[in-house]
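Residue numbers (our numbering), protein chains in the order written: chain A, 102 to 611; chain B, -13 to 300.
For the chain B half of the interface with chain A, some residues (derived, Cβ under 8 Å), not all of them:
#: 1; residue: R155
#: 2; residue: V158
#: 3; residue: A161
#: 4; residue: E167
#: 5; residue: N168
#: 6; residue: S170
#: 7; residue: G176
#: 8; residue: L177
#: 9; residue: Q286
#: 10; residue: A289
Derived by calculation from the structure, the hints in this document are not laboratory data. From the three backbone atoms N, C-alpha and C, an ideal C-beta is built for every residue, glycine too.
One letter stands for each residue in the lines below.
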Amino acid sequence: MASDKASVLRLNNITKRFGTLVANDAISFSLNRGEVIALLGENGAGKTTLMNILFGQYTADEGTVEVFGKTLPPGNSRAALEAGVGMVHQHFTLADNLTVQENITLGTGSLTSFSLRRSNARARIEALSEQFHLKVAPDARVGSLSVGERQRVEILKALYRDVKILILDEPTAVLTPQEAEDLFATLRQAIANGLSVIFISHKLHEVMAIAQRVVVLRHGKLVGGVDTDTSTKEKLAAMMMGAEAEPPEVSTAHAGEALMTLETVSTPDIGSAPGLKSVSMSLRAGQIIGLAGVSGNGQAALADIVGGMRAPTNGKIVLNGSPVPSWTPRDAVNAGIARIPEDRHKTGTIADFDLTENAILERYASDPFSTKGWLDWTRARRFANEIIDKYDVRCPGADTPIRLLSGGNMQKLILGRVLEADPQIILANQPVRGLDIGAVHYVHGQLLEARDRGAAVLLISEDLDEIMALSDYIHVIADGRLSPAFERGQMTPAELGLWMSGKGEVRHAS
Amino acid sequence: MEILDIFLTASFWAAAIRIASPLIFATLGELICERAGVLNLGIEGIMVAGAFAGWMAVYAGAGLWIGVAVAMVVGMLFGLLHSVLTVPFGLSQHVVGLGVTLLATSSTYYAYRLALPEVTTPPKIIAFQPYEIPLLADIPLLGPALFAQTPFTYLAFVLAAAVAWMLYRTPVGLALRAAGENPSAVAAQGLSVTAIRMGAVIFGSGLMAMGGAFLTMSAFDSFFFEMVNGRGWICIALVVFGSWRPGKAVFGAILFAAFDALQIRVQQTGFGAEIPYQIFLMMPYILSILALVAMSRRAQVPAALMVPFNKGER
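Model the full structure from these sequences, guided by the hints.
Listed below in structure tokens is the structure:
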């Protein structure tokens, strides 16, 4: 069936190395007209690298890219665009200071022209957004748009150039389920018009929904291709990781005494994000407390309080039975609180520091990493190498700047840093955001193990399934107010949803 | 009420416009560089080089406009040096900029001594002369202030309009603004960030040198050491003051120049005689700092200013 369709794109033996790391190892496959191929693989498997080579942003060390039978010159995005290849990057490539229309038309005409021919461009953008149901205001500044709207602008950018082959790098990672559904509707329409798509995603149900064929990468190698009709989500997960994907077993907890207690803690609102409103809760040894809620309902404020980033304006923090006299990040670290921050790039790591430096970020000034005011680099490096081995951080070495690591590997380093400090209390804020299934299971397993060793874990997540699977008790946060603690299995997702929308109290009272 | 009277004299406004002209050239040059994402601290030295090159060319027998062109080309050469180091090589823009300023300043003095080894007083040239624009120059107050300037001044204002048009109305201006905000957006549309940024720095440096040339070829008629006297640094502040917009930056240049023209005149009033003149010399700078503080709160800094872009790096 695929043979009667013309192949529009062919990758021949693409190899790319970063230092000693082989990101792509002799990868070949082809894409047919009107076909959707899903490119599947764990973080760091080389998917994005491969697509950046195809789009001319990286130059391959070996191999060629053929589009409509012609070989593309390597490392030339302009040639790729002119041949009809478009790419929507995982991190949007939009200029915030420009309008939607300016972003779309950027670089589409001759640079030496004296005018921008705005009215023609505008008519075309309006026609395209009408045809593909991509609602955006052409004169809106991109900086003021929501994430979903930016995604639409990225798609319009490609459609405006009339691309024949579209690469989508994790397009749904930042979208709500409804926005993702709209995106798929648009894509199906464009595919019916002859567009061919390469779709990168971690979400297997999306892959099954939109792709005809799946190509799986593992450690930079192509390990197989299957049609979605003849496969299942479980089989795909197994191909990705080289083994059947098993979520970690959840055993019952043996809770100990309260390690940290918040007593009627309040914090001021920050901008549109609500602060905490008289929140009381206990974190007990050997227990995972899940915090469910819609994003922006006070999770950040609570994480800041527990992690020592902010002190309460009202109420008390009680550690091991006695109220804390002062509460700073340093106090929190000294009290044995380990933090997996929500944003690993912004607050979890320092991009240009190497793995060793990042591994000791929280404890550089104390034993064993410094003695009498001198850093002990030998110990620090040994520690970093231990984390790399034990937590399977894939990297060229401990002296690599951490920005060169994929998100999953960065998260593993943070996890190692957290767990190796032998913490009493673990603050896990969105610990698996953006990770593939293998890494998700791994992180969850590690959190459960830490709990069984007697640590108290506060798990903050917007993913209700994750919260319900791991937590011994669940609190719901809505507009800075905390629900009572619900025991595992006490509430259905629908009931928790009611609390998340802020209506739980009413029902509870009646 | 002597001070208020100053504002009603045409000569005060004429002086303000004249003092503003070199600032307008150099500020526009810096603005173009920064809008593309490159801070050009070579501005001070490039103005010195431009001041010397234009004047020297005319002294050696070239026409006035040829002198302006020579200054621009010299500025562009220093811009080329700056951009090669900061754009493809991605070196620190602070270090390179200060280096270019030192190199341009000292090589200018060296060239001066080579060309005029035994001179104690620098020779004069016949500089640009005021040209009264027919009809417009007859308007009371405004006429003598705005329309009896030298052609070099008129060029400053024409250029300001042209730069604004270029930035906001042409594809190349669009690409330039995008390069300073998110170079990845430019690369993803198949354009060369390197070419755009280098072009912006080279062209912008040319304008800076014209600003310098204005001092020796229109404001005065000779070249002195220390002539530029920190005007380059003022222009960097004016770009911030103008929130990286050409119109506002020109307004800022005129405002600063007006303060400068004002302080000279206030010194000569009865009130001014009682106060040490150094206070008046400080006035434009103090008022500029206050204005900068007030204006820059809402300034729209190009997001990728001073961030080198390396294709193929993650």
